[in-house]
Amino acid sequence: GAGVSQSPSNKVTEKGKDVELRCDPISGHTALYWYRQSLGQGLEFLIYFQGNSAPDKSGLPSDRFSAERTGGSVSTLTIQRTQQEDSAVYLCASSLQLETSGSQETQYFGPGTRLLVL
Amino acid sequence: AQSVTQPDIHITVSEGASLELRCNYSYGATPYLFWYVQSPGQGLQLLLKYFSGDTLVQGIKGFEAEFKRSQSSFNLRKPSVHWSDAAEYFCAVGAHGDYKLSFGAGTTVTVRA
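Chain order of the listed sequences is A and B.
Here my numbering is used: position 71 in the first sequence is 71, and no number is missing along the way.
Throughout, my numbering is defined as the position within the second sequence, counted from one, plus 1000.
There's no promise every hint is true.
What the hints assert, rightly or not - So the derived label-pair ranges between C-beta atoms look like this:
id, chain 1, residue 1, chain 2, residue 2, range
1, B, E1064, A, G16, 42 to 52 Å
2, B, S1052, A, S27, 24 to 34 Å
3, B, S1052, A, Q50, 19 to 29 Å
4, A, E68, B, S1052, 33 to 43 Å
5, A, P55, B, A1029, 14 to 24 Å
6, A, E14, B, Q1058, 45 to 55 Å
7, B, L1056, A, V12, 42 to 52 Å
Said to hold, decoys possible - Here are a few chain B residues that face chain A, going by a calculated C-beta distance under 10 Å:
id, residue
8, S1026
9, Y1036
10, L1046
11, Y1099
12, K1100
13, G1104
Hints were generated in silico from the structure; no laboratory data involved.
A virtual CB, placed ideally from N, CA and C, is assigned to each residue, including glycine.
Could you build all of it, start to finish, from the sequences and the hints given here?
Structure follows, in structure tokens:
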């Protein structure tokens, strides 16, 4: 079946502009994750959704970052008043719902959105 | 909190030679361990994972990894490297009841002819 898709694949914007990044998870996956991969850095966890709820937003770098998920499917990551340090690859992943036992579920990643803030 | 260390930033290997990528983790209980590969301009592809059971895990593309609890390691191996294996490799650890993965900084593999 189809994997995780993200759009746009590339985004160039000017400092101070707002951007929206979209993620379409694998059908049936109720958990959705956003990560950021900056040049020279590892992958940094941003936020996690279980259904439409985000139990943990503590990974978001600042209040300029927000995310939402509707219909338990598509998610949008919004960055307001972009700064040059926001330039990075933003990766989305999805997984099956965590079982009540708390076991880890495999996360499947999309191709990412490469954001460049000029 | 869990953490991951990949000691090698960059490895160069000849085509046909064996490859081993090191991964050490820090976590108080039995971790969930993953290896992902990222080709230039691509997202992350899962190579293999360890949740429990047999400590030697087979993955795709001829890769395998061995979980060694005593050494807190989960090293990735491939007996004979192909040019298409040139990529960046990430080790990740997850915790029971947690939802996020902690990733290592990655190891870039260059394959020379």
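Hint check:
Separated by about 49 Å at the C-beta atoms, E1064 (chain B) and G16 (chain A) satisfy the suggested range of 42 to 52 Å. Between S1052 (chain B) and S27 (chain A) the C-beta distance comes to about 28 Å, which sits within the given range of 24 to 34 Å. For the hinted restraint 19 to 29 Å between S1052 (chain B) and Q50 (chain A), the CB-CB distance of approximately 23 Å keeps it satisfied. The supplied range of 33 to 43 Å is met by E68 (chain A) and S1052 (chain B), whose beta-carbon atoms lie about 35 Å from each other.
At about 21 Å, the beta-carbon gap between P55 (chain A) and A1029 (chain B) stays in the expected band of 14 to 24 Å. Under the hint 45 to 55 Å, the C-beta atoms of E14 (chain A) and Q1058 (chain B), about 48 Å apart, fit the expected range. Judged by the Cβ atoms, the range 42 to 52 Å given for L1056 (chain B) and V12 (chain A) holds: they are separated by roughly 45 Å. Interface restraint check: S1026 (chain B) against chain A, minimum CB-CB distance 15 Å, threshold 10 Å, status violated.
The beta carbon of Y1036 (chain B) is positioned within 10 Å of a beta carbon in chain A (closest approach about 7 Å), and the interface hint is therefore held. The interface hint given for L1046 (chain B) is met, as the beta carbon of that residue sits about 6 Å from the closest beta carbon of chain A, less than 10 Å. Checking Y1099 (chain B) against chain A: minimum C-beta separation of about 5 Å stays under 10 Å; hint holds. Taken as an interface hint, K1100 (chain B) checks out: its beta carbon lies about 4 Å from the nearest beta carbon of chain A, inside 10 Å.
Annotation: interface hint on G1104 (chain B) holds; nearest CB of chain A at approximately 6 Å, less than 10 Å.
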